[in-house]
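There are 2 protein chains.
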Amino acid sequence: MEMKEVIAEVLQKIVPTEEERAFVKGVMEELEGIAREKAEELGLEVKPYFVGSLAKDTYLAGDHDVDLFLAFPLDMPLEELREKGLGLGKEIGKTLGEYEIAYAEHPYVRAKYRSVKVDLVPCYDVKDWRDVKTAVDRSILHTKWVNANLNGKNNEVRLLKRFLKGIAAYGSEIYVRGFSGYLSEILVIKYGSFVEVLEKADFILRQKVIDPAGWVKREPEIAMKTVKREVEEDKPLVVIDPVDPRRNVAANLGWEKYGRFYFKADEFLQKPSAEFFFPEEHRKGNYLAEMRRKGTHLITLLFEVPELVDDLLFPQLEKSAKGFEKALSREGFGVLGWNAGRYGAEKAFIMLELDRVERPRVKIHPGPEFFTERGRDFYRKNERVWLVGKRLYAEKVVNEHIIGVLRGLLEKNQVALGKNLRETVKEAEILVDYVPKPLENEAYLFLSREKEGLKGHNRPL
Amino acid sequence: MEMKEVIAEVLQKIVPTEEERAFVKGVMEELEGIAREKAEELGLEVKPYFVGSLAKDTYLAGDHDVDLFLAFPLDMPLEELREKGLGLGKEIGKTLGEYEIAYAEHPYVRAKYRSVKVDLVPCYDVKDWRDVKTAVDRSILHTKWVNANLNGKNNEVRLLKRFLKGIAAYGSEIYVRGFSGYLSEILVIKYGSFVEVLEKADFILRQKVIDPAGWVKREPEIAMKTVKREVEEDKPLVVIDPVDPRRNVAANLGWEKYGRFYFKADEFLQKPSAEFFFPEEHRKGNYLAEMRRKGTHLITLLFEVPELVDDLLFPQLEKSAKGFEKALSREGFGVLGWNAGRYGAEKAFIMLELDRVERPRVKIHPGPEFFTERGRDFYRKNERVWLVGKRLYAEKVVNEHIIGVLRGLLEKNQVALGKNLRETVKEAEILVDYVPKPLENEAYLFLSREKEGLKGHNRPL
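The listed protein sequences derive, respectively, from chains A and B.
Numbers given in my numbering equal positions in the first sequence, counted from 1, plus 292.
Numbers given in my numbering equal positions in the second sequence, counted from 1, plus 292.
Don't read these hints as lab results, they were simulated from the structure.
Please note: incorrect hints may appear among the correct ones.
Any copy, or any two copies together, can satisfy a pair, since identical chains are not distinguished.
Claimed, not checked - Below are the DSS-like pairs computed for lysine-lysine, each with C-alpha atoms no more than 27 angstroms apart in a straight line:
| id | residue 1 | residue 2 |
| --- | --- | --- |
| 1 | K743 | K688 |
| 2 | K611 | K682 |
| 3 | K618 | K655 |
| 4 | K747 | K673 |
| 5 | K618 | K688 |
| 6 | K576 | K655 |
| 7 | K614 | K688 |
| 8 | K655 | K614 |
| 9 | K517 | K682 |
| 10 | K509 | K382 |
| 11 | K305 | K492 |
| 12 | K655 | K747 |
| 13 | K718 | K639 |
| 14 | K376 | K409 |
| 15 | K492 | K682 |
| 16 | K711 | K611 |
| 17 | K482 | K520 |
Bound conformation, chain A alone (with noise of 0.2 angstroms):
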């Protein structure tokens, strides 16, 4: 197919109908109605700003949750703020229905009205990023600096944003890093079209540092200061933020995500496709074949989790499974791969892939020089004993199965394991080569490498 044809076809698809405005719009007018009036009976001095992706007209047809924030003066203490936030985000949420409490780094009120989720965050009326106070307040000035420059290439983003879910490189939570739909306003503004983002893949990448405000000639100390730690940080890309000097739009993209993006962008080049923006869904498949396949292991630990939002959970799941392949590798067992995530409202599991389930009953042991106390106490203390070079070594007896394995690492704290996790992951379920059957299809996509592979079809996370 012509590279026209697909993006017609793409656009057809992404772009909200008459209709769909229309309800945005009405939806968005009595929000902004409601939440002036609840101010007005609460007697606060408040304005409500429309911020993100609706704001902005750069969401995809049907995903259309609004951001309602909720801006005090800047004079107010953040405590107050947080309270009476809160409070007036409470009251709006009981005129719209059902609502509930969220947990971000301050809580704010998630609501439903008319079936469109309603996030209403309390944030500083900010006019510059001088102002700045809490991580939430830069989102109006994001919000009016792709207004003012986006020049209406509304549809341009509408592309970028429905390629990157549909590679798989969406997303700016820190457990995605992925791209944000700010980043990829600012690329199509900074590069001019979808198309001429996706050509310049490898030169963005090159040019490494984006600066489309001219941060660097107006504030040059504190431009520099934020290139230079990103750089360090050996991030893929610094774009200093329109509107904020001191912050990279693109602190929370990843290589691996960068990477999807890099390949992905030449090979719709070289042979454009609608699938590139809407993949089959992941192949089917038996995930017992696939650990024949490949003579490994799989083992499982599931486990109750908190109440916790994705963004505070996933990152622990991150680090509780990094923390078991770490431990694993140092008593011998290969990890050669590691899947985390939710299972079902209260539970997550943790895949690990291993190279064996079963080890030797001896370990070697190393322990100090020899011409030390310590070293004079490990000769003492140990029967079968030797040297290489200066070094002591001792067999060890150990749990052969990693059951054992695992029970002893975890009884003795030596797996780094999620802050909210330490106490449930020790109490977790452990299956080896087996999965319950609504993690079936999890395992499969985790073994055969569907889930994390840069090639077949992969679905957004």
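We have chain A already, so just place chain B on it with the hints.
Okay, now just chain B, sitting in the frame of chain A:
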């Protein structure tokens, strides 16, 4: 038992009887006569010198190999010395009866006379370290220095040598890395007696530099260069050779052997016993039972070896065994230890203790960074490919079983082998969890760590 009694008992066994002394003296006189006679016949200006423990009267009862050095004038070219020296050796050898040519830095004649082994070694008649031209030239100077300084402490040296043999720490051969006879003599001269040397085991290690002839004052530059070099190479001990400031007498002493001495000296002083000098034979045991106890596996390679003296063969076996250790670790097999040695007249063995003999059918193959030419190539060539950070990884199908792994490594020259063994090791017979009858006890000693262990009954190797 009291120290005194133990020492008396040991001395009785190790000090040669008057009868043995007379026999040795007779043999030496006869050999000297024959050597002078043959030299005269050949018209050679050569002086016979006895060196080694016989010449220093520090030999152990029953252990009286003769080292007869044939010293040529300093102005003779090396080639001529080699040729004439070997010629003279052969003539003497013929007169003595059976003889053979042995190969060290230079070829020399090894003969037998009245059932005593006689080495006939050509060298230069050096008067001073500045004259030294070949590795053996110093021996004459060593003998002179010891005889001038030993002060009748010959039996103290005998005790120390026998003790070191008993604890398997004696022998300066490159593959043994133990204490040499000359080093034992210097330690007794320096510290006064056998017991005093033992009492100072820790002190000697900490003192680090021993300079019995005061070279640091007489030749500071050369002596300090020696010290610096040896300390940089992390030698346990630097003993500046009393006859040559450029040389560390303990250059070949390894930490392992010093460690044996360190622990055994202390144990002996705590609880003196003749067993240290004359240990029981190694316990016999069943290697299969040992393997089962540990849950490990034993791989044995049997291969032909070219005709080489131990000094040349053993370092090559060691290098090869370490080569296997490294290559197999890279392939994901845990190597708990290695062992090597001769097997019959024409073969050698390498044993490897492994944590397993099978691995998964797939291996994770790390590739290049993704944004390079090689990265794009790697992406194209591999089907299952993914990113960890900026590095690409792929799945690779590999040999599962140790036999296939070893054959593959050898075919692709991926094992560092001793240079004279490269061809024959490739043709090695590979045995898994089984050794032929004559190697059964060797396998037991290896797997049980009786061989290198610091405790238990260590027979000198």
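Outcome of the hint check:
1. For a Cα distance limit of 27 angstroms, the shortest separation of K743 from K688 across copies, 18 angstroms, qualifies, whereas the shortest one inside one copy, 39 angstroms, does not.
2. Proximity of K611 to K682 under the C-alpha cut-off of 27 angstroms is restricted to the inter-copy arrangement: shortest distance 20 angstroms between copies versus 36 angstroms within a copy.
3. Proximity of K618 to K655 under the C-alpha cut-off of 27 angstroms is found in both arrangements, the shortest distances being 17 angstroms within a copy and 18 angstroms between copies.
4. Taking the shortest alpha-carbon separations for K747 and K673, only the inter-copy value of 12 angstroms comes in at or below 27 angstroms, while the best intra-copy value is 54 angstroms.
5. Both within a single protomer and between protomers do K618 and K688 lie at most 27 angstroms apart by alpha-carbon distance, with minima of 20 angstroms and 22 angstroms respectively.
6. Taking CA atoms no more than 27 angstroms apart as the test, K576 paired with K655 passes between copies only; the shortest distance there is 23 angstroms, against 40 angstroms inside one copy.
7. Taking identical chains as interchangeable, the C-alpha atoms of K614 and K688 lie at most 27 angstroms apart whether they share a chain (26 angstroms) or sit on different chains (23 angstroms).
8. In this homomeric assembly, K655 and K614 come within 27 angstroms of each other (Cα to Cα) both inside a single copy, at 23 angstroms, and across copies, at 19 angstroms.
9. Taking the shortest Cα distances, K517 and K682 sit within 27 angstroms of each other only across copies (24 angstroms), while inside one copy they are farther apart (47 angstroms).
10. Proximity of K509 to K382 under the C-alpha cut-off of 27 angstroms is found in neither arrangement, the shortest distances being 44 angstroms within a copy and 89 angstroms between copies.
11. For the homomeric pair K305 and K492, the shortest alpha-carbon distance inside one copy (25 angstroms) is at most 27 angstroms, but the shortest distance between copies (87 angstroms) is not.
12. Only between protomers do K655 and K747 lie at most 27 angstroms apart by alpha-carbon distance; the minimum there is 18 angstroms, versus 40 angstroms within a single protomer.
13. In this assembly of identical chains, K718 and K639 lie within 27 angstroms of each other by CA distance solely inside one copy; the values are 14 angstroms within and 54 angstroms between copies.
14. In the homo-oligomer, the alpha carbons of K376 and K409 lie at most 27 angstroms apart inside one protomer (22 angstroms), although the nearest pairing across protomers, at 102 angstroms, exceeds that limit.
15. When the C-alpha separation of K492 and K682 is checked against a cutoff of 27 angstroms, the pair qualifies only between copies, where the shortest distance is 18 angstroms, while the shortest distance within a copy is 56 angstroms.
16. In this homomeric assembly, K711 and K611 come within 27 angstroms of each other (Cα to Cα) only inside a single copy, at 9 angstroms, whereas the closest approach across copies is 48 angstroms.
17. Proximity of K482 to K520 under the C-alpha cut-off of 27 angstroms is restricted to the intra-copy arrangement: shortest distance 22 angstroms within a copy versus 62 angstroms between copies.
Hint check: a violation occurs at hint 10 only; the rest are consistent with the structure.
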